[in-house]
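Novice: First to last, the sequence lines map onto chains A and F. Under my numbering, the first residue of the first sequence is numbered 881, with each subsequent residue one higher. Under my numbering, the first residue of the second sequence is numbered 7, with each subsequent residue one higher.
Some hints here could point you the wrong way.
[What the hints assert, rightly or not] Taking lysine to any residue and the SDA-like style, the derived pairs with C-alpha atoms no more than 20 Å apart in a straight line are:
no., chain 1, residue 1, chain 2, residue 2
1, A, Lys999, F, Gln414
2, A, Lys999, F, Glu348
3, A, Lys1019, F, Thr15
4, A, Lys999, F, Ala181
5, F, Lys266, F, Glu278
6, A, Lys1012, F, Glu278
7, A, Lys1012, F, Asp322
8, A, Lys1019, F, Gly175
9, A, Lys1019, F, Lys266
10, A, Lys1012, F, Glu167
11, F, Lys386, A, Lys1012
[Unchecked claim] Derived, one-sided and incomplete: chain F residues facing chain A with beta-carbon distance under 7 Å:
no., residue
12, Ala109
13, Gly111
14, Ile254
[Unchecked claim] If you anchor each label on the Cβ, the simulated ranges turn out as follows:
no., chain 1, residue 1, chain 2, residue 2, range
15, F, Glu192, A, Gln1043, 45 to 51 Å
16, F, Ala11, A, Glu1112, 33 to 39 Å
17, F, Gly160, A, Asp1027, 40 to 46 Å
18, A, Lys1227, F, Arg301, 55 to 61 Å
19, F, Asp387, A, Val1038, 52 to 58 Å
20, F, Glu420, A, Arg1250, 53 to 59 Å
21, F, Tyr409, A, Thr1244, 26 to 32 Å
22, F, Leu390, A, Asp1027, 56 to 62 Å
Don't read these hints as lab results, they were simulated from the structure. No residue lacks a Cβ here, since even glycine has one placed at the ideal position from N, Cα and C.
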Amino acid sequence: MTDDLETLREVREINSSFPYTAPIRAWKEQGKKVIAFECTYVPEEIIHAAGILPIRLTGDSRELDLEEANAYMYINTCSFVRSCLELVLRKQYDFLDGFVSATTCDSSRRLTDVWKYYKLTPFVYILNVPRKMTERAHKLYREEVQDLKQRLEEFFDVEISAQALRQAIKVYNKGRELLRELYELRKSDTPPITGSEVLEVLNAGFKMPREQFNDLLGRLVEEASSGQRAVEGKFRLMVNGSPLNNADFIKTIEDLGGLVVVDELCTGARYWWDLVDADPEIDPIEALSRRYLNNFPCPRMFPPEGRFDQVLQMVEDYHVDGIVSEIVRYCVHCAHDQPLLRRRLEKQGVPVLELNVEYGMPGTGQIRTRVQAFLEMLERRTKK
Amino acid sequence: MKVQAVDTTKLEEVIQGLEVGAQLERRRPDRVCDAVCYELLADYFRKAQKAKEEGKYLVCHTTTIPPEVFYAMDIVPLQLESVGTLASQIVQNFGDALSAASAFGLVPEVCSAHRLLAGQTILGWLPRPDAIVWSNQVCDNTAKSGNLLVELSGCPGFFLERPYRYTEGGVQYFAQELEELVHFLEELTGRNMDWDRLAEIMEQSRRLMELHREIRELRKAVPSPWRNLWYIHMMGTELYMAGTPEAITHFETIRDEVKKRAEGGEGYIHEERYRVLTLFVPPAYSWTLLGWMQRKHGAISVAEPYFSYRDGGEIDPTKPLDSLARKSFYCPICRPMYGPAEEGILHDTVRDALEYKAEGTVYFAHIGCRQTDACIRIIKDALLEEAGIPTLILDMDLYDPTYAPDDQLKDKLEGFFELLDERK
Chain A
881 MTDDLETLRE
891 VREINSSFPY
901 TAPIRAWKEQ
911 GKKVIAFECT
921 YVPEEIIHAA
931 GILPIRLTGD
941 SRELDLEEAN
951 AYMYINTCSF
961 VRSCLELVLR
971 KQYDFLDGFV
981 SATTCDSSRR
991 LTDVWKYYKL
1001 TPFVYILNVP
1011 RKMTERAHKL
1021 YREEVQDLKQ
1031 RLEEFFDVEI
1041 SAQALRQAIK
1051 VYNKGRELLR
1061 ELYELRKSDT
1071 PPITGSEVLE
1081 VLNAGFKMPR
1091 EQFNDLLGRL
1101 VEEASSGQRA
1111 VEGKFRLMVN
1121 GSPLNNADFI
1131 KTIEDLGGLV
1141 VVDELCTGAR
1151 YWWDLVDADP
1161 EIDPIEALSR
1171 RYLNNFPCPR
1181 MFPPEGRFDQ
1191 VLQMVEDYHV
1201 DGIVSEIVRY
1211 CVHCAHDQPL
1221 LRRRLEKQGV
1231 PVLELNVEYG
1241 MPGTGQIRTR
1251 VQAFLEMLER
1261 RTKK
Chain F
7 MKVQAVDTTK
17 LEEVIQGLEV
27 GAQLERRRPD
37 RVCDAVCYEL
47 LADYFRKAQK
57 AKEEGKYLVC
67 HTTTIPPEVF
77 YAMDIVPLQL
87 ESVGTLASQI
97 VQNFGDALSA
107 ASAFGLVPEV
117 CSAHRLLAGQ
127 TILGWLPRPD
137 AIVWSNQVCD
147 NTAKSGNLLV
157 ELSGCPGFFL
167 ERPYRYTEGG
177 VQYFAQELEE
187 LVHFLEELTG
197 RNMDWDRLAE
207 IMEQSRRLME
217 LHREIRELRK
227 AVPSPWRNLW
237 YIHMMGTELY
247 MAGTPEAITH
257 FETIRDEVKK
267 RAEGGEGYIH
277 EERYRVLTLF
287 VPPAYSWTLL
297 GWMQRKHGAI
307 SVAEPYFSYR
317 DGGEIDPTKP
327 LDSLARKSFY
337 CPICRPMYGP
347 AEEGILHDTV
357 RDALEYKAEG
367 TVYFAHIGCR
377 QTDACIRIIK
387 DALLEEAGIP
397 TLILDMDLYD
407 PTYAPDDQLK
417 DKLEGFFELL
427 DERK
């Protein structure tokens, strides 16, 4: 592999001041508001169209001591949510003006209850997200999205116009298209970017205005497409499972000889996968609610086959040799799906390494040993 | 994973255990309510065991699916968690079911109740259902476990989805989901829903709710006319048999007993020493803990906010699906588990503490229950601030006695009672 991509230096610069990154700081210095959203089922465009900066609430890209969060949420709340809460309680998210979550899992729902009770930000809203993707579910979800819009307008005394929504859709779609271009490059036998680097890019994107992120992404894609860089790995891997922000986790896998060419994570592909219909004839709230409910499904959605089929398709499209499933303890949706998904993957001849982890965990110790053994197993299969 | 052939020996052990229990309780005048409960349960499981040979459809379902729909269609329902709960008390080697689930790939972080469901299915302990129905009304485990059960059982399934907030739109959505469930069952059985029959059943369901509320009022008496264990018995009856005359008989028996004592100024125990709120449920293997608290320490469970009908509309039998949908937003378990805490469990707990003059709270923290446990801190703080009472957290696993042995739970409870003494 040749030198780092130049644009990645900017990415690392942004991530270095996590969570109050320089772009957020600059935004706040203009007297503007910031709202954290906690789940990919929250349509960021609504917040953007209100003139507010939506940022993704995440824990740090490393394993934290969760002492304060453990005092407020029981240890069986997943460590992703407790890590987020830990940082909030440590005042690292003090710059927030609001919080929007979704009813997507027990931990998310209860985090919102705790958030509301202790009034951690002036504005708190939880969006009811159906698990089904039927027309009836869509109607219900659309009403919820409409309600979120109205609450934002009332609380922040702003108007969210159809024009602003269309502009937000355009901006966010641009980001999605650029991310797709970046992921397309990873289909190559020797992609120009590693899996851990892509996660770093996404992490930065969660903590900056989307217009700036698009600019950065555009330059990154251009640089990566130049053919100057080729990353090699013995095996092409997919990482899937629970929320993951620690790029070092993926780096460990890649340092051992695996090349992570794609992911199925809500902090990765599931976040950006589908576009919002930008047809001017379609009501923007309608377009947004359709896209967010029908996007690449989270393991919470019903029926599970929707997710399973997309994972199997990704395996084919990205020529995946094996899958590393990282499941954060108490991420119940993933835990229930895993035996079913594993059987489907193995039926297709795709080996799966299951790692039960805590959010933020680096790929050291036992994880490193298990990944090593997994790669050795892939090697033996190749020789047969 | 190969699913083993059906062998209902374990279920038979549960039924026989209940029948023996009922006979023993019948001999004690103060335990007639318990005897009625065990007889009803034995009959409930027997019907499930015999459904196939009697030519009936058997539908297994997870907790909080309204059983009224099944009864109206002459379908035999079997609430899956109920078997695990009783099996853990009665059946030898019930831990084999947890091991089978583990071998299948379910990690220990999945609620043990749901690992048991999978394990029981894999081991063939339950009769093979004609269909499985499950919902999201309690937690992520209840929402997810049906997928796996359907795959293991090789039968059709229906996932019933309830919205989070109790709004008119939410009620409408859920009523339509129930209507779809009815169509699913009609297709399964080849029979149409008997809407007149459902209306009759809903009237019985309404009566059951009325009795529940009547009993709650009577329980305000000091000394308390209440036996701690009855709330668990009532919860079972409500969840498995709402809409049946048998359920009404059970509740009426309890109502009569409580009323007689309340009117006579007689407590269930001789000396009432502590009035406590009970949050969630004790481990299934140790329900006797509730009797021990009452008998040995004079600790009365005055209210159980996770299991109560509080605010909510009335059932209108002429609008059965709409009524069932509404009920699912305010009935026991559903409202406190799946809905915003602020206007749900948090609000109800503080109100119960004040209305029932509670002196402390015992919170059973099941390690597999992320919904209830994540509320511990806010409830604890609210109770201290608004009702001035302390809360004891008892860490445990509902089905795994190795997580927190009985003696350990008793030690912690005794320490808590000493604290309550100091506060008097």
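Novice: Does each hint fit the structure? Answer for all of them.
Specialist: Hints versus structure:
For the hint linking A/Lys999 to F/Gln414, the alpha-carbon distance of about 36 Å lies beyond 20 Å, and the restraint is violated. Distance hint between A/Lys999 and F/Glu348 is fulfilled; the C-alpha atoms sit about 12 Å from each other, no more than 20 Å. Taking the CA atoms of A/Lys1019 and F/Thr15, the gap is near 47 Å; set against the 20 Å cutoff, the hint is violated. The hinted pair formed by A/Lys999 and F/Ala181 fails the criterion: a straight-line CA distance of about 34 Å is larger than 20 Å.
In summary, the hint linking F/Lys266 to F/Glu278 is supported, as the alpha carbons are separated by about 18 Å, within the 20 Å threshold. Among the hinted pairs, A/Lys1012 with F/Glu278 is inconsistent with the structure: their alpha-carbon atoms are about 50 Å apart, more than 20 Å. A hinted pair counts as satisfied when its Cα atoms are at most 20 Å apart, and A/Lys1012 with F/Asp322 does not qualify at roughly 28 Å. With a CA separation close to 10 Å, the supplied pair A/Lys1019 and F/Gly175 stays within the 20 Å bound.
A threshold of 20 Å between alpha carbons decides the hint, and for A/Lys1019 with F/Lys266 the separation of about 52 Å lies outside it, so the pair is violated. Using a Cα cut-off of 20 Å, the hinted pair A/Lys1012 and F/Glu167 holds, with the two alpha carbons roughly 8 Å apart. Restraint check for F/Lys386 and A/Lys1012: the C-alpha separation of about 35 Å exceeds 20 Å, so the hint is violated. This hint is violated: F/Ala109 has a C-beta 10 Å from the nearest C-beta of chain A, more than the 7 Å allowed.
The restraint placing F/Gly111 at the interface with chain A holds, with a minimum CB-CB distance near 3 Å, inside the 7 Å limit. Using the Cβ-Cβ criterion of 7 Å, the hint placing F/Ile254 at the interface with chain A is not satisfied: the shortest such distance is roughly 34 Å. Taken as a hint, the range 45 to 51 Å holds for the pair F/Glu192 and A/Gln1043, whose Cβ atoms sit roughly 48 Å apart. At roughly 52 Å, the beta carbons of F/Ala11 and A/Glu1112 sit outside the given window of 33 to 39 Å.
Hint check: F/Gly160 to A/Asp1027, Cβ distance near 41 Å, so the stated range 40 to 46 Å holds. A beta carbon spacing of about 56 Å between A/Lys1227 and F/Arg301 agrees with the range 55 to 61 Å that was offered as a hint. Between F/Asp387 and A/Val1038 the Cβ separation comes to about 34 Å, which falls outside the hinted range of 52 to 58 Å. Taking 53 to 59 Å as the suggested C-beta distance range, the pair F/Glu420 and A/Arg1250 does not conform, at roughly 44 Å.
In this structure, F/Tyr409 and A/Thr1244 meet the distance hint of 26 to 32 Å, their C-beta atoms being roughly 29 Å apart. Checked against the hint of 56 to 62 Å, the C-beta distance between F/Leu390 and A/Asp1027 comes to roughly 34 Å, which is inconsistent with it.
Checked against the numbered hints listed earlier, the structure breaks hints 1, 3, 4, 6, 7, 9, 11, 12, 14, 16, 19, 20, 22; every other hint is satisfied.
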